[in-house]
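A.B. asks: Chains as they are written, first to last, in the numbering used here: chain G, -14 to 175; chain S, -14 to 175.
Accuracy of the hints is not assured; some may be wrong.
Each pair may be met inside one copy or between any two copies, as identical chains are not told apart.
Result set (SDA-like, lysine to any residue): computed pairs, CA atoms no more than 25 angstroms apart in a straight line [said to hold, decoys possible]:
no., residue 1, residue 2
1, 22, 33
2, 67, -1
3, 164, -1
4, 86, 74
5, -5, 71
6, 96, 77
No lab work stands behind these hints: they were computed from the structure.
This one's a predicted model, so the numbers in the text were calculated from it and none came from an experiment.
There are 2 protein chains.
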Amino acid sequence: MELLEQHILKEGYALPGNVLKVDSFLNHQIDPELSLKMGEEFAAHFSASHIDRVLTIEASGIAIGLTTALKLGVPLVFARKKKSILMTEETYSTEIYSYTKQETNMVSVLKNFLPAKENVLIIDDFLANGESALGLARLVEEAGSTVAGIGIVIEKSFQEGQKRLQAAGYDLYSLARIKSLDNCQIEFME
Amino acid sequence: MELLEQHILKEGYALPGNVLKVDSFLNHQIDPELSLKMGEEFAAHFSASHIDRVLTIEASGIAIGLTTALKLGVPLVFARKKKSILMTEETYSTEIYSYTKQETNMVSVLKNFLPAKENVLIIDDFLANGESALGLARLVEEAGSTVAGIGIVIEKSFQEGQKRLQAAGYDLYSLARIKSLDNCQIEFME
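Chain G with its partners taken away, still in its complex shape:
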């Protein structure tokens, strides 16, 4: 998605250790118009499948999950990393390791909000090693539903995530695909 690549080149920057900082428009400060356009792009791409709901994970997935769900006309559900004491009903839960926070979170979704026999679109901001997307897919499948697709804003194509998702047979669509961050230079896939 060219508009996104322009934002990444203009506002993002690469740091040593294959880190791409895009917190001025994606995951701390958020550009609402860009979020809306990205949601439109995901909705258009996955519109051939019937989608029943969008699933993402707090916190950085919520904005882009919301605009996607808005355009698809379906509910959004976000997996929680920490249970509220109000979450007393039964949940689907799985462990997800975060490399950027260096911790493992038990993420949970109330069973009520992840019914069986649905087609669920998973949306997330980043794909690196695939931990988050694969964790969300486990929740969908544990619920007896189908992963209709996985939409990612920024894929680090040089890491393992995209291979792992494709090997597992998921329909992956990434709006920007980073070929390399070597020498702190941002290079996109052709």
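For chain G, the structure is supplied; the task is to place chain S on it using the hints.
C.D. replies: Relative to chain G, chain S alone:
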């Protein structure tokens, strides 16, 4: 806001201990259309002030913060409860106690994304004791900016928050005001 009150009466329910559960449309599963309409309502209400940005807190504030910022045509920033290891720049930070999670979080915003001399609209999903809204207001003021207003989706008017915000002189606008949850009955303010 009548549409919101209808949703609360239809899908929400009260539990002992003055708890109102609205996780089927507001803070776990999210109704995108309703979020958009609530954002429109906040934007319309606060449009008399010039707003430079919207500030909220992860995770439940992000959806409604986003739709408000979208309608106002300004950026959204969300305060983080846990610093990413990528958040190496200087931050404004303050402690906020969560009654529903029974923990104190140090919440932070990168200084870059909370500049001085702006008019900042604070948006949050719930107002109970006012801890979260007052904490966000401290961040805005520490940054040398002005709290243009505080927009709340659901105010528990029988708790201290609204009095504390008004005593501090903030322009508070709540889309639904709950007078009482006694005997697990939801009663709105007139």
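A.B. asks: Take the hints in turn and mark each one as holding or not.
C.D. replies: To see whether the hints hold, each was checked on the structure:
In this homomeric assembly, residue 22 and residue 33 come within 25 angstroms of each other (Cα to Cα) only inside a single copy, at 18 angstroms, whereas the closest approach across copies is 27 angstroms. In this assembly of identical chains, residue 67 and residue -1 lie within 25 angstroms of each other by CA distance solely across copies; the values are 22 angstroms between and 30 angstroms within a copy. In this homomeric assembly, residue 164 and residue -1 come within 25 angstroms of each other (Cα to Cα) only inside a single copy, at 13 angstroms, whereas the closest approach across copies is 51 angstroms. Only between protomers do residue 86 and residue 74 lie at most 25 angstroms apart by alpha-carbon distance; the minimum there is 16 angstroms, versus 28 angstroms within a single protomer.
Taking CA atoms no more than 25 angstroms apart as the test, residue -5 paired with residue 71 passes between copies only; the shortest distance there is 19 angstroms, against 42 angstroms inside one copy. Proximity of residue 96 to residue 77 under the C-alpha cut-off of 25 angstroms is restricted to the intra-copy arrangement: shortest distance 6 angstroms within a copy versus 37 angstroms between copies.
Comparing the model with each earlier hint shows no violations; every hint is respected.
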